[in-house]
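Converting from the sequence shown to this note's numbering requires adding 15 to each position, the first position being numbered 1.
Keep in mind that the hints are not guaranteed to be accurate.
Stated by the list, open to error - Quick list of simulated restraints, FRET-style, between CB atoms:
1) G85 / K161: 17 to 25 Å
2) P131 / H82: 19 to 27 Å
3) A122 / H31: 30 to 38 Å
4) W35 / A158: 36 to 44 Å
5) A19 / G85: 17 to 25 Å
6) K16 / L157: 21 to 29 Å
7) E163 / R133: 31 to 39 Å
8) E174 / K16: 42 to 50 Å
9) L24 / V144: 19 to 27 Å
10) G53 / Q83: 31 to 39 Å
11) E174 / E20: 42 to 50 Å
No lab work stands behind these hints: they were computed from the structure.
Think of the CB as a built atom: it goes at the ideal place given N, C-alpha and C, for glycine as much as any other residue.
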Amino acid sequence: KRGAELALLECQRHFHSRRWNCSTLQGLQLFSTATIQGTRESAFIHAISTASIAFAVTRACSHGELHQCGCDRKIRGVSPEGEGRSRWQGAGGRGEGCSDNPSYGIAFSQAFLDSPERSRGVSSSRALVNLHSNEAGRKALLAHMKVEGKCQGVSGSCEVRTCWKVMPPFRPGATELYPRRVGS
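I would like the entire structure built from these sequences, with the hints used as guidance.
Here it is in structure tokens:
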């Protein structure tokens, strides 16, 4: 539900000054076949819907709201500063080493949004366009992942740097999708 609400809000924000401003989506299910089809606006709706579903599910996983998934504790490697002595560590609770893990959110969005398109048949040009738009939404989400971290050590020294991946707020990724799918 959160993902659908987020997609609708972003759609309305981007189309607020256009003739069609997502108003027909208000009373409909956002993911129904009754939405506009075969247009640039439709491509944006597919991309933003996929990204918002994956975003909402990933956030719910990281915050422990879903039992099927959790945060990513497999991060290993050199810290973002490139200091050889610092290692990325999954230290435990949210905010300290518990990375946002978009894998489950992306898989969920694929199962939920790509399945109807695949059932139409791969030869359907509309299905191929919609699948492409869905993938663009997922890629935009992944492209905005960031690494955050904090130093730990005696007297302010950075003996160990604990880092984790986070998704920034949804809006930057949504803003990137708008010109790609619709144009200015």
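Each hint tested on the structure:
Taken as a hint, the range 17 to 25 Å holds for the pair G85 and K161, whose Cβ atoms sit roughly 20 Å apart. A hinted range of 19 to 27 Å for the beta carbons of P131 and H82 is consistent with their spacing of about 26 Å. The hint said 30 to 38 Å for the Cβ distance between A122 and H31, and at roughly 33 Å that hint holds. Take W35 and A158: their Cβ atoms lie about 27 Å apart, and the range 36 to 44 Å is violated.
At roughly 23 Å, the beta-carbon separation of A19 and G85 lies within the given 17 to 25 Å, and the hint holds. Checked against the hint of 21 to 29 Å, the pair K16 and L157 passes, with Cβ atoms roughly 23 Å apart. Our hint of 31 to 39 Å for E163 and R133 holds, since their Cβ atoms are close to 36 Å apart. At about 44 Å, the beta-carbon gap between E174 and K16 stays in the expected band of 42 to 50 Å.
Checked against the hint of 19 to 27 Å, the pair L24 and V144 passes, with Cβ atoms roughly 24 Å apart. For G53 paired with Q83, a C-beta distance near 35 Å keeps the hint of 31 to 39 Å intact. Between E174 and E20 the beta carbon distance is about 44 Å. The supplied range of 42 to 50 Å therefore holds.
Hint 4 from the list above is the single one not met by this structure.
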